[in-house]
Each structure stands twice: as structure tokens, then as C-alpha cells.
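**Student:** Based on the provided sequences and hints, a complete structural model is requested.
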Amino acid sequence: SATMVIWVAHNITQRKEMEQTLYAEKELAQVTLKSIGDAVITTNAVGQVKFVNPAAEQLTGWHTAEAQGKPLTEIFQIIDHFTREPVVNPVDVVLKTNQNYELANNTVLIARNEAEYAIEDSAAPIQDHQGKLIGAVIVFRDVTESRSLAHELSWQASHDALTGLYNRRKFEKFVEIAIKETQEQEIQHALCYLDLDRFKIINDTCGHAAGDELLKQITVHLKKRIRAVDIFARLGGDEFGLLLNQCPPEKALELAEQLRQLVQDFNFTWSDKVFKIGVSVGLVPIMPTVTNLASLLNTADLACYAAKKKGRNCVYLYDEQDAALAQQRGQRQWITKINQALLESFHLDESLGEKLVKESHRFSLHAQKIIGLRKSGEYHYEILLRLIDESGEIIAPGAFLPAAERYELMPAIDRWVVNAFFANYEAYCQSNQKHDSQTFDNLFAINLSGASINDSEFGTFLQAQFERYAIPPETICFEITETVAISSLDNAVTLIEKLKKIGCAIALDDFGSGMCSLGYLKNLPVDYLKIDGSFIKNIASDPINYATVEFFHHISKMMGIKTIAEFVEDELVLKNLQDIGIDYAQGYGIEQPQPLAFDQTIYS
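Once you know that position 393 of the sequence shown is 393 in the numbering used here, the rest is easy, because the numbers rise by one and skip nothing.
Hints in this document: simulated from the structure, not taken from any laboratory.
From a predicted model like this one, the values you see are computed outputs, not experimental measurements.
Warning: the hint list may mix true and false statements.
Below, in silico cross-link-like pairs of lysine to any residue (SDA-like), each with a Cα-Cα straight-line distance of 25 angstroms or less [what the hints assert, rightly or not]: (1) 200 with 266; (2) 308 with 261; (3) 96 with 133; (4) 310 with 239; (5) 375 with 598.
**Tutor:** As C-alpha cells, then:
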């Protein structure tokens, strides 16, 4: 029989080619997934792990062989950085929605060895060629370092580096929210400004390291008593802010008083020395009538200042009807005028790079005569400052200098007075060639503020002015108040010694007001003693004042110091001073201050 063979052949070249192509693509995908820097995990359609690339192995701590077939949630454990609560699994979301999904940027991965990594994460569905969902892929990367840096920068932008408290900028944002809540929901809040008393003494005597340590310790101390709902901030220097949330005025006053007492009871130890400090607290209820942040902060600042003026170490509760604060608010208005006067009063010498005085339409120098009581025809002059406002009115220093002192403008004002007087004095000397005995018989007294005494650069400035201007230094006297000299003894002595080497005289002003004067007098090499006017005004009718002035003069004479009586208002007072033997007298009873004009005021 015949055998029949049927040979059927199929051309599978195309299929083989497709298989080879698919295999090549799979190999390429595997190599790609293994080589890329991002971590990649793939799952099947029910969320079981199929593949973990090396980067994902390193972060999760799971190898592919161990992880295959396990639920993704077992090897990919993620939590919220802030709440520490588990975060929804991104693959679960993808498999339910068949859409891409990204995690929040505060996600943290907990590795197999409990290590934590901040990660950025996205997940996407895997579909076959027909669009059927067959799995998911999750791609993530370690952003621990960059997120830590971002958090650090964010923290630094809102916190004080020394104490760890909120800074002024962040604090003001919280206060703005409180103002809005008060206006819209009538929620009661209160604002405290706290300013440490006697901090500057510790900072100046023990150094900035001691000051910084004190601020850190007092911060920890206060935080023990401050409620968790309140906002505590360091506003700068030794000033702190406290926002009392949902706190009526009565409760706020109670809390502020507790903090004051806490600071009062606090002992600060440095180099085996124990220091006591206090705190002045300005307390302002945030009322619905508060319209903006600036006005509220200004009021809190003024209330704190009022607490200091009240005697320090106390709480000052602001009242909208408070006349004292209204008066202090007026001081702020002087600052603009003073700054404008200073801006108009200097020009820059381009060749020397120095600011020099020019004619001012805002500041004016006056002079008040001081007469000699023991030598007829002997005259000295005290140089005084006046401010001229927009209407041309002359403003006495008692109106604007307190504001200048508070807002640290006195060094600039002192420099202007010295510079302006020296320039005028030199111009007169050069035009009149007045280097005769009449010039040297006159003494011109210029007042120096406490801020200038404590300015380490001020002595150098004065020395430079004597080098610049051709004036006889022996005709210049600088006046320093007794209270400033005592509170800044070392700085005062240093400056006095420098000025005396130049040839200047020194007067101790307001002597007797400190009530501990004699103990310090022997440490101050002064030439003149200006007895405080409170002893002079009633000398004719008050035997105690008379005896006190007589005693001051006697001590001064023993030390070779000449005496000057201030506030001499009539002939009877002048007669008593002559009987005691006082050397010089000054006051409205002798002559009122006059605009400085050498041809008219001085040498007329």
C-alpha cells in the first residue's frame, strides 16, 4: 500500500520575531528599571509585588526575591511626617481608579530596619495592549536631605535662632489672624509686650555670651508658665511678644502678672555671680475697634514703655482712654521731625567720605550765658539745641529730646551739635583773628548724652573734630549728667580722660540728683560741678537746700573743682549763692538762651 504523507508548514517567522521583540523589550525594561536612580516597585492587579529595582531595595530593605508575592503595604510602609499616622497606599488608589496618583510631599517611608526616609512618590496603572488593568507601578525617590534643608530654611524664616521662639515676622502674622478673628467673630484675645529690666547691665558688664545665656534661660523659664494655645516670640534684643489666645482682659492681666512674678523670682548665675532681673509688661486687649496691625503693635510698645516709666518690673494694662499713653504716642511724631532735621543737616564730603554739617533750617543752636560770681566780667556759655518745626516755631529740647533718647537718635544729634558749633566757632575765629585773651576767657559748654558716652566711637569722633577745626580746645567744656556718669562710670572716665588730654574741660551736670554723688565724685576728674537746680530754686527760703549747696561747694573747693549754680531766677537767689561762694551762676534770672551769633550773642 502506498503511504501518503501530508506535510503542513506554517510560517511563524513573524511570531518568532514578535517574541524576540517582546523579550528584547522586557530585557530592556528590566535593565532600565535596574539602572535608573529612582526606586521602582511593580505589582499585579491585586497589589502583590512583582518586581523591586535596586534603588527600591536599598530604601525599603526588601530584595525582589523576598518581596515577590507579598502585599505592597507590607514592604512599602508610609506615614505622614507631622501626624505620624499611616498614609493611604498609592497603589490601592491606582488599582481602584485606574488613574495616576501622587502622594503628599510630607510622606515618610519606614524601611525594614526602621530607618526613615522622606520621599516623593507617584503611582500609575499598568495596562495590556487591550487597555486592561494588569497592575501598577510606583516610583519614588529619597528627598530627606532636600526636605530637611527646606524645613530648616522655613524654620529659620519664622523662628529666632537663639531662643527657638517665633520671630517678629511670624508673630505679627499670628497677631493679624487674631485681629481678624476679633473683628469677625468677636473672639477675645490680648497682646503682651515684655521687656527685660536690667538686661543691659548684665550684657555690658559680663559680655554678650552672658546676655545670650540669660535670654535662653529666661525663655525656658517663661515657657513653663505660658499656655500651649498662646504664641510666644522674641521680637529682638531683650523684647518678647506674647499673644494670649481667647483670653479676656481679666485673665490676661492675671497671666501677665504671673509671668512678671516668675521673672522677678528668677536668679541668673554667671561666673559665680548671681543677678536679679525684672520685666516690664505692656498688656493690650485686642478689641474689635483695632483697625490694623501697626496701630496695635504701636499701642503694645507704648504700654510696655509706660510700664518702664512707672518704675519697671510691673504690668501696665492699656486703656483706650489712657491719657499718658496718648502723650507717649506723641513722642513717635517727633521722630519723623528729628530724622528729617538730621537728613537736612549734613552733607557728604566726597573727598573725605565724611558727613559734615551744613546750614540747617530745622536745627538751631542757642547759647545761654553763665556769669562768674567771683570775677566780674567773666562769662561762659552753654550751647543749647532747638528744633524748628514746619511753621517756624522754635521747639525747646524738653519736648523732643525724650523721644530722641528713647529711639536712639541722641548720638547723631550730639554729633550735629558738636560739628555745627565747631564750624561756626572756627569761622568766627578765622574772620576776626580772635586769638587774643578775650577768646580764651570764654568757655563754651556742650552737653553729651548717655548714648554718646556709651558709644565706643564717639571719643574718636570728637578727636577728629578737633583735628579738623582750628579752634582752641581749652575753650571747650563738655557737660555730662551725674546720673549718666554714675551708671556708665567706666565709659565716662575713659571719655573724660581722652578729652582732658586734648585740653578740654569737663562739667558734671545736675549734681546732687543721684543722691549718691560724693562717693563717685572722687573717681571723676571733672573741672566744674553744676549743682542741680532743685537745690537752687528755693535756696533763699529753704535752709536745708542752702546747707546742701554750701556743703557741695565746700567739698568741691577741697577737690579743686569750681561750682556752677543752675536755675538762678532772681536777685535773692543770686545773693545767697554769692554768700556761699559759688563760682558761677546760670538761669533765666541772668539771661535766657539766645540764638547763637558770635558777633551779637557772645562777643557783643
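**Student:** Run every hint past the structure and note whether it holds.
**Tutor:** Results of checking the hints against the structure:
A distance of roughly 16 angstroms separates the Cα atoms of residue 200 and residue 266; the hinted pair therefore holds under the 25 angstroms criterion. For the hint linking residue 308 to residue 261, the alpha-carbon distance of about 16 angstroms falls within 25 angstroms, and the restraint holds. Pair hint residue 96 plus residue 133 holds up; C-alpha atoms about 10 angstroms apart against a cutoff of 25 angstroms. Only pairs whose Cα atoms come within 25 angstroms are accepted, and residue 310 paired with residue 239 is accepted, the gap being roughly 18 angstroms.
Of the pairs offered as hints, the one joining residue 375 and residue 598 holds, with about 22 angstroms between alpha carbons and a cut-off of 25 angstroms not exceeded.
When each numbered hint is compared with the structure, no violation occurs for any of them.
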